[in-house]
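Student: If you read the sequences in order, they're chains A and B. Position 8, counted from 1, in the first sequence is what my numbering calls 8; the numbers after and before it change by one each time, with no gaps. Numbers in my numbering are just positions in the second sequence, counted from 1, shifted up by 308.
Derived from the structure by calculation, the hints contain no laboratory data. Note that the coordinates shown come from a computational prediction; the quantities given were computed from them, not determined experimentally. Heads up, the beta-carbon is just placed ideally off N, CA and C, and yes, glycines get one too. Incorrect hints may have been included.
Stated by the list, open to error - Derived BS3-like pairs: lysine-lysine, alpha-carbon spacing no greater than 30 angstroms straight-line:
hint: 1; chain 1: B; residue 1: Lys503; chain 2: A; residue 2: Lys191
hint: 2; chain 1: B; residue 1: Lys499; chain 2: A; residue 2: Lys86
hint: 3; chain 1: B; residue 1: Lys405; chain 2: B; residue 2: Lys446
hint: 4; chain 1: B; residue 1: Lys468; chain 2: B; residue 2: Lys405
hint: 5; chain 1: A; residue 1: Lys138; chain 2: A; residue 2: Lys195
hint: 6; chain 1: B; residue 1: Lys405; chain 2: A; residue 2: Lys97
hint: 7; chain 1: B; residue 1: Lys405; chain 2: A; residue 2: Lys191
hint: 8; chain 1: A; residue 1: Lys97; chain 2: A; residue 2: Lys138
hint: 9; chain 1: B; residue 1: Lys405; chain 2: B; residue 2: Lys336
hint: 10; chain 1: B; residue 1: Lys446; chain 2: B; residue 2: Lys468
hint: 11; chain 1: B; residue 1: Lys499; chain 2: A; residue 2: Lys97
hint: 12; chain 1: A; residue 1: Lys97; chain 2: A; residue 2: Lys81
hint: 13; chain 1: B; residue 1: Lys394; chain 2: B; residue 2: Lys468
As the list claims (entries may be wrong) - What follows is a list of derived Cβ distance ranges for each label pair:
hint: 14; chain 1: A; residue 1: Arg68; chain 2: B; residue 2: Arg612; range: 30 to 40 angstroms
hint: 15; chain 1: A; residue 1: Lys97; chain 2: B; residue 2: Arg426; range: 50 to 60 angstroms
hint: 16; chain 1: B; residue 1: Leu537; chain 2: A; residue 2: Lys97; range: 26 to 36 angstroms
hint: 17; chain 1: A; residue 1: Glu259; chain 2: B; residue 2: Leu537; range: 37 to 47 angstroms
Claimed, not checked - Some but not every residue of chain A turned toward chain B, in silico, with C-beta under 7 angstroms:
hint: 18; residue: Gly87
hint: 19; residue: Asn94
hint: 20; residue: Val190
hint: 21; residue: Thr217
hint: 22; residue: Glu230
Number of protein chains: 2
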Amino acid sequence: MNGAPVSLLAVGSVAFDDLETPSGRREKILGGSASYFSLSASHFRSVDIVAVVGEDFGPEHFQVFAGRPIGLDGLAQVPGKSFQWKGIYGQDLNEAKTLETHLNVFAGFRPELPIASREASFLFLGNIDPVLQLEVVKQMTRRPRWIALDTMNFWIEGSKEALLCVLKEIDILLVNETEARSLSGERNLVKAYQKIQALGPRILVVKRGEHGVSLFTPEGYFMAPAYPLEEVHDPTGAGDTFAGGFLGYLATLESLDLEGMKQATILGTVMASFTVEAFGTAQLETLTSARIQERSRHFSSMIRVSAF
Amino acid sequence: MNGAPVSLLAVGSVAFDDLETPSGRREKILGGSASYFSLSASHFRSVDIVAVVGEDFGPEHFQVFAGRPIGLDGLAQVPGKSFQWKGIYGQDLNEAKTLETHLNVFAGFRPELPIASREASFLFLGNIDPVLQLEVVKQMTRRPRWIALDTMNFWIEGSKEALLCVLKEIDILLVNETEARSLSGERNLVKAYQKIQALGPRILVVKRGEHGVSLFTPEGYFMAPAYPLEEVHDPTGAGDTFAGGFLGYLATLESLDLEGMKQATILGTVMASFTVEAFGTAQLETLTSARIQERSRHFSSMIRVSAF
Numbered sequence: 001m002n003g004a005p006v007s008l009l010a011v012g013s014v015a016f017d018d019l020e021t022p023s024g025r026r027e028k029i030l031g032g033s034a035s036y037f038s039l040s041a042s043h044f045r046s047v048d049i050v051a052v053v054g055e056d057f058g059p060e061h062f063q064v065f066a067g068r069p070i071g072l073d074g075l076a077q078v079p080g081k082s083f084q085w086k087g088i089y090g091q092d093l094n095e096a097k098t099l100e101t102h103l104n105v106f107a108g109f110r111p112e113l114p115i116a117s118r119e120a121s122f123l124f125l126g127n128i129d130p131v132l133q134l135e136v137v138k139q140m141t142r143r144p145r146w147i148a149l150d151t152m153n154f155w156i157e158g159s160k161e162a163l164l165c166v167l168k169e170i171d172i173l174l175v176n177e178t179e180a181r182s183l184s185g186e187r188n189l190v191k192a193y194q195k196i197q198a199l200g201p202r203i204l205v206v207k208r209g210e211h212g213v214s215l216f217t218p219e220g221y222f223m224a225p226a227y228p229l230e231e232v233h234d235p236t237g238a239g240d241t242f243a244g245g246f247l248g249y250l251a252t253l254e255s256l257d258l259e260g261m262k263q264a265t266i267l268g269t270v271m272a273s274f275t276v277e278a279f280g281t282a283q284l285e286t287l288t289s290a291r292i293q294e295r296s297r298h299f300s301s302m303i304r305v306s307a308f
Numbered sequence: 309m310n311g312a313p314v315s316l317l318a319v320g321s322v323a324f325d326d327l328e329t330p331s332g333r334r335e336k337i338l339g340g341s342a343s344y345f346s347l348s349a350s351h352f353r354s355v356d357i358v359a360v361v362g363e364d365f366g367p368e369h370f371q372v373f374a375g376r377p378i379g380l381d382g383l384a385q386v387p388g389k390s391f392q393w394k395g396i397y398g399q400d401l402n403e404a405k406t407l408e409t410h411l412n413v414f415a416g417f418r419p420e421l422p423i424a425s426r427e428a429s430f431l432f433l434g435n436i437d438p439v440l441q442l443e444v445v446k447q448m449t450r451r452p453r454w455i456a457l458d459t460m461n462f463w464i465e466g467s468k469e470a471l472l473c474v475l476k477e478i479d480i481l482l483v484n485e486t487e488a489r490s491l492s493g494e495r496n497l498v499k500a501y502q503k504i505q506a507l508g509p510r511i512l513v514v515k516r517g518e519h520g521v522s523l524f525t526p527e528g529y530f531m532a533p534a535y536p537l538e539e540v541h542d543p544t545g546a547g548d549t550f551a552g553g554f555l556g557y558l559a560t561l562e563s564l565d566l567e568g569m570k571q572a573t574i575l576g577t578v579m580a581s582f583t584v585e586a587f588g589t590a591q592l593e594t595l596t597s598a599r600i601q602e603r604s605r606h607f608s609s610m611i612r613v614s615a616f
């Protein structure tokens, strides 16, 4: 990507995860929102990462991104250890219990965009401190065609003011059901969307895990189920993988129309289905376009209904 | 329906409900699985009810079914009071807390099919004691083209043996997620379907409330979201209304193919969306074909995706 115009820029975390699920356990595997996001998005559009890792991030880890259109100029390596997360999932796989969080080098993370990245056409602000998300927006030398943002209850409850500031700047908000409700104060998602629209984002994407995704746009709504799988081994990264497929595909389109966003939702859902079938990024790393196409075709024909 | 050949026969409960939801409260309103089911199904196919009510079931209650193609020859009125249920819903509306259940005349209910009903082409066994469901099956003088059954955890846990007997006789099982998991011993719904198929039913319909419906058939799977509503006033009867729309429409088709079942799922979902917008059967009672068609068109175009 050196010197090439940056299209999709993603700011987030690159981390090491220790995971335990009913299917097994893994230690120090590649994780973090920017990792899942970029590996997924890169199947549709070139993507540049802005994140930070420590000295323990070796050539074998950089290697995961090599050979894919993922720019690493913004991936700073600094003294110290990388962000580390340790979590465990119970039988229902819906939510991880966090056992340990070591921010390490991530604690001092101040995203610094490479010059070329400041003109990116599309911007994804992964789930980090909204103060930093706002700093990223301010570093852009021109307004991206769209800005998407992910956040979590920790920031909604603890940094509401900063979050409300950055929400004013964005087009697409991606959150889960609990977060949409907590941010809007509305349990009903249609009403939650109306409240959230008034805060800035004109598009709301509600990630509902095994129940799929709900998309709210001024043009209309769309809901897609999750892709039905027989085996889910590790749900970690499903949301970021969805965001990568969804936004990676949107970054190939001229405008944010409902038809394009429906297709993007299908692709994001399909990408996430690959992620959860294996631990960490294992299946994302070896995924081919042919498999993505095959599953997207199968999924879209599965959910297709005739006109009434 | 007197003397006409019976097409769809529904066995279940007709009851009075006392309800409280965040939107308000109602006392002694018409409820019960057979009420919601028949009012919904009758928009697609004539339906005969087999159920029991007490002396407190007055002309104004019979009146609700009049003017619709709902046969009441099998609705026995006996000395005593009708089945009465009292429940309350919290903010999340997902599950009612039962405050009181008075079986009353329902305690002695032994379904007795009118002669004409014993040749019904299609049979829906609402959520009652599986021993009684099996008795109904045995009263049929010819095997219906399909038999559908609804049940609940109370029977799955308490009357497993009888339930397993009647499951061998049926084609379509309608349950919620918890029930599908409890019956199969599998959390994953794809695996749950495989186990349930081995018990008898070749088709599994999983009602997931606000998350929609999942349909598992030998021909393939289908998942539909719930219809997005701004106001949900009373979720009571949503499942039975869905079953009524789903099976009422299926009873107009020649065979149980996946395409037809997809359409049936859309119609069932749309019917349920009308029910939950008002208390009890209020909206079902005044529903027109035009409104059903309009919402079905809107819903199917909402969830439609282009081919990949």
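Student: For the hint 30 to 40 angstroms, verify it against the beta carbon of Arg68(A) and that of Arg612(B).
Tutor: holds (32 angstroms)
Student: Are Lys499(B) and Lys97(A) close enough, with their CA atoms no more than 30 angstroms apart?
Tutor: The hint holds at about 25 angstroms.
Student: With a cut-off of 30 angstroms on the C-alpha distance, tell me whether Lys138(A) and Lys195(A) pass.
Tutor: Holds - the C-alpha atoms of Lys195(A) and Lys138(A) are around 25 angstroms apart, at most 30 angstroms.
Student: For the pair supplied as a hint, Lys97(A) and Lys138(A), confirm whether the alpha-carbon distance does not exceed 30 angstroms.
Tutor: violated (35 angstroms)
Student: Checking one constraint from the list: CA of Lys503(B) to CA of Lys191(A), max 30 angstroms. Satisfied?
Tutor: violated (39 angstroms)
Student: Would you check the hint for Lys405(B) and Lys191(A), treating anything up to 30 angstroms between C-alpha atoms as holding?
Tutor: Holds - the C-alpha atoms of Lys191(A) and Lys405(B) are around 25 angstroms apart, at most 30 angstroms.
Student: If you draw a straight line from the CA of Lys394(B) to the CA of Lys468(B), is it 30 angstroms or shorter?
Tutor: Holds, at roughly 26 angstroms.
Student: Does the CB of Val190(A) sit less than 7 angstroms away from some CB of chain B?
Tutor: holds (5 angstroms)
Student: 37 to 47 angstroms was suggested as the range; check whether the CB atoms of Glu259(A) and Leu537(B) agree with it.
Tutor: Since the Cβ atoms of Glu259(A) and Leu537(B) sit about 24 angstroms apart, the hinted range of 37 to 47 angstroms is violated.
Student: Holds or violated: Lys499(B) with Lys86(A), Cα cutoff 30 angstroms?
Tutor: holds (29 angstroms)
Student: Under 7 angstroms is the threshold here; is the Cβ of Asn94(A) close enough to any Cβ of chain B for the hint to stand?
Tutor: Result: violated, 10 angstroms to nearest chain B Cβ.
Student: For the pair supplied as a hint, Lys405(B) and Lys336(B), is the alpha-carbon distance within the 30 angstroms limit?
Tutor: Given that 30 angstroms is the threshold and the Cα spacing comes to 17 angstroms, the pair holds.
Consistency with the previously given hints fails for numbers 1, 3, 8, 17, 18, 19, 21, ordered from lowest to highest.
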